[in-house]
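Number of protein chains: 2
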Amino acid sequence: MPVEIEFFDDSKELVVGDPSSVSVLKRAFYGRNEGAVVFLFPEEAMYMMDVRNAIVLSENGKELKFNELASHFSECERLMTKYYAFKDWRDRGLVIRPVSEAGKYARNPVHKYPSPGFKVPEYNASARFYSDDNLSVIDDDDIGEKMYLENWFGQHGTYKAEKHGKCNKLDVYETLFLMRHSALKLENASEKDVVKHAKSNNHFFEAIYNVYEDWRLRGFVVKTGFKFGTHFRIYFPGASPALPLNKWIHSKHVLHVFPRDMQLLTSELSRAIRVAHSVKKTFILAIPGKKRIKNVQPDFLLFHRKKGGIETPDSGKPRYLMLALNEDEVISGAYLASAIESAKDTGLNLILAIVDRETSVTHYRVRRIELKDSKYEYYEIDWVQP
Amino acid sequence: MPVEIEFFDDSKELVVGDPSSVSVLKRAFYGRNEGAVVFLFPEEAMYMMDVRNAIVLSENGKELKFNELASHFSECERLMTKYYAFKDWRDRGLVIRPVSEAGKYARNPVHKYPSPGFKVPEYNASARFYSDDNLSVIDDDDIGEKMYLENWFGQHGTYKAEKHGKCNKLDVYETLFLMRHSALKLENASEKDVVKHAKSNNHFFEAIYNVYEDWRLRGFVVKTGFKFGTHFRIYFPGASPALPLNKWIHSKHVLHVFPRDMQLLTSELSRAIRVAHSVKKTFILAIPGKKRIKNVQPDFLLFHRKKGGIETPDSGKPRYLMLALNEDEVISGAYLASAIESAKDTGLNLILAIVDRETSVTHYRVRRIELKDSKYEYYEIDWVQP
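Listed in order, the protein sequences are those of chains G and V. If you read the first sequence in our numbering, its first letter stands for residue 1, the second for the next number, and so on. If you read the second sequence in our numbering, its first letter stands for residue 1, the second for the next number, and so on.
In case anyone wonders, no lab produced these hints; they're calculated from the structure.
Partial pick of chain V residues on the chain G-facing surface, computed with a CB cut under 7 Å:
# : residue
1 : 51
2 : 80
3 : 134
4 : 167
5 : 226
Computed from a predicted structure; not experimentally measured. For each residue, glycine too, the CB sits at the ideal point set by N, CA and C.
Pulled out of the complex, with its shape left as it was, chain G reads as follows:
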């Protein structure tokens, strides 16, 4: 016998009263239990209808179709995106509840990164700036090689063959950083010129530079992430381009910048995470800027597996909050940051569930990083299969 759900038009409540259905629903942690009946929330009723052949009857006894039921909840933003993210979690045999049921937990340990700081040497170098090319070139080989070998500023000689060829080439982030922190002089441009040219190529240059500067001042080496699909790759403090090959430290982290005032398709964010994943790097997201959006609430409270079974509201604790997004929607950095903040307040990590055009769901887990003395928060984002 399929479950029968009654829909009350005025109160928009979905009620199941049949005792055997009620007991099935309670056992599987659906709905809100009140006396002898269960009140379902919309995604639950849609799910029962979609995959369990439940029947939803209106007050006058008419059977509702899926779209009719959904149309009664058209004031819910992104109802279908939430529904398909909900469905996917349920299809995996896991429990998912409304975010309103979230309490306080302590299940979001922060990843502590070393942060020894960096005293930038006074190199007193002089360079020529090539604005079309977003780089500057240092003629003086002694000082150019020194800053390359000591602190991996620029590229002396040739990439992966620093003895082949001359000159140190500084990228535009390194150029500005060394002007501000190490008395680098440009023979043909001021600090202002550099910022102006860089901004003309990339509206978000300053936000990206601020992140570069932050990691450099914490002691990390920050180089282009071009080969890994991100703004930067980073090396932990102590890395050097001068080590012999058998002591070479590969970069294991990439760093991408999503400014708070930037609008991005979720598919574009996902693309950057995908490249990092394909080259087995840890993807770190920075969300710099001042823009604040208050109180973006994730959509669901997620219970996950545990040894020998699943966690439930009865016997276990929730693991994540879920924010459901669809691949063709635009979000801002500020929006994402606010959702992460809400998860942090509950003491849980955030899962981004991105519903693609075929209603297939990809999950990204967001974990906070603590980088002492840093002015920003950073997040490790990794692709997970729940």
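Based on these hints, arrange chain V on the given structure of chain G.
What follows is chain V alone, placed relative to chain G:
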């Protein structure tokens, strides 16, 4: 003895006259030979100075530094980007010449794709549009399943489990396509509403839709490319979601849209190509739209390897034209299309050489696709190591 190069300030010519140097340069296909002397072009002189310890002397006998030499050619756009792309090709032991020396060749065979066309059935379905979610849902399971199984429109049931759950979900491209070509009716939105909502999320929606429609009408199945970092993945004519698993045809091609009026960082274009490469799909680029930029000239004429050696201007034919770009610059679809057009006119394929912030170069080869009756040109882009 290092090569000595004389620089003439007025004519901006770089001349080598020493007989042994002349013969070395001629043998390696540097410069323009006139009588007993060789005239070098700027990138060549920079290269000789950078990696071969050549000395450049001004008319008054003063030795120029690298930046001094380069500053004399500051009217050349993106001189350093071109120089490092040039250097990389030379470092590989290959010959590279000015694009002005290109003649006419026939070394750019077009890839012919099948194009049987597609007569869209009249499904007469009705759906509800969910504008926040960029999808529409068909209640009628018979017609919904039929259009899914026959022509892979939408997603019936669950992704990779079409019997699990009900309803066919059409993405926004499928929704619009079926409204225009198969009498799909939306109960709560007009064609105009769909376009308006989709454009509010993505300014380039219509250009992307036009490409979707073009491939669909040629007979291809076009589904989301979300998992592969692109707008779409495509299946060649004849693919079906209903085949048993042992006959399942995997998608081997992904399709990405770079509208002519879109501005994109080259690093962003590269990111999309990278994901496709990491999942071993052929990356197809569409450059739709009306905007035209006249006559964008690639930068260099490239000679490549041949069996047992290298091709040279004396004994072989060039293989490609090269357009040098740097990772932090912005290009438009129209700009790229015009450079491809110029290469096509010479009968060579284009190589995009992207110089990253460490002056390391990544090469992408662009090859034209012929899709009969299509209104656009398409290009296979693949990462190559020359």
